[in-house]
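There are 2 protein chains.
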Amino acid sequence: MIKVTVLYPATDGARFDHAYYRDSHLPMIQARLGAACLGYEIDEGIAGDAPGNAAPFVALCHIFSDSLESFQAAFAPHAEEIVGDVAHYTSIAPVMQFSKVVVR
Amino acid sequence: MIKVTVLYPATDGARFDHAYYRDSHLPMIQARLGAACLGYEIDEGIAGDAPGNAAPFVALCHIFSDSLESFQAAFAPHAEEIVGDVAHYTSIAPVMQFSKVVVR
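Order-wise, the sequence lines are chains A and B. Just so we're aligned: 18 in numbering that gives the first Met the number 0 is position 19 of the first sequence, and the numbers increase by one with no gaps anywhere. Just so we're aligned: 101 in numbering that gives the first Met the number 0 is position 102 of the second sequence, and the numbers increase by one with no gaps anywhere.
A few of these clues could be false.
One copy or two, either will do: identical chains are not told apart, so a pair holds if it fits within one copy or between any two.
EDC-like cross-link-like pairs, simulated, lysine to aspartate or glutamate; straight-line CA separation at most 16 Å [claimed, not checked]: (1) K99 to D65; (2) K99 to E68; (3) K99 to D48; (4) K99 to D16; (5) K99 to E43; (6) K99 to E79.
Derived from the structure by calculation, the hints contain no laboratory data.
Chain A extracted, bound-state conformation (with noise of 0.2 Å):
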């Protein structure tokens, strides 16, 4: 199983909303994805390595998929409608990673 986590560094004046990201972004994706998308996670930063400190990312998103191929092929035909949408919530330019899943 692979992990697309995707991060949003925190940046002075950033804009971020945490309810779209919730409750229209992630799912509008899931619902493009279909079976593509085994699940995910959602984070939202609230410290950083000791309370008081500024979380580095003010949002994580991790979404579950059974291989970096699956998750490529459903998400191609709606790579501009999603990416599209990032508008609508942040001004901070995310951060993509794959991961393999070693333990969840």
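We have chain A already, so just place chain B on it with the hints.
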């Protein structure tokens, strides 16, 4: 529920022993934290924003806990042992983040 995410940024020439991380470091943390660790995930970076691009992070782990306070109360007595174990598997300075779990 909160999630403690530890990220290891990819660095030229860095060392990371994924087997030690999976088989020794994380099981040790789970044992020391006891009931304050509700479970954990381990990710191994395989690609960046496109296949063939390097993953921004060599590895990540995510430790679930009831609250920031319960995690810290359980972690503090073992901090020296846990932090001291890091040199056994990596030369990378980890980045740490506390997040609120919005969707799991």
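Hint check results:
| no. | hint | result |
| --- | --- | --- |
| 1 | K99 to D65 | within (10 Å within a copy, 26 Å between copies) |
| 2 | K99 to E68 | within (13 Å within a copy, 30 Å between copies) |
| 3 | K99 to D48 | between (25 Å within a copy, 14 Å between copies) |
| 4 | K99 to D16 | between (29 Å within a copy, 15 Å between copies) |
| 5 | K99 to E43 | between (22 Å within a copy, 5 Å between copies) |
| 6 | K99 to E79 | neither (25 Å within a copy, 29 Å between copies) |
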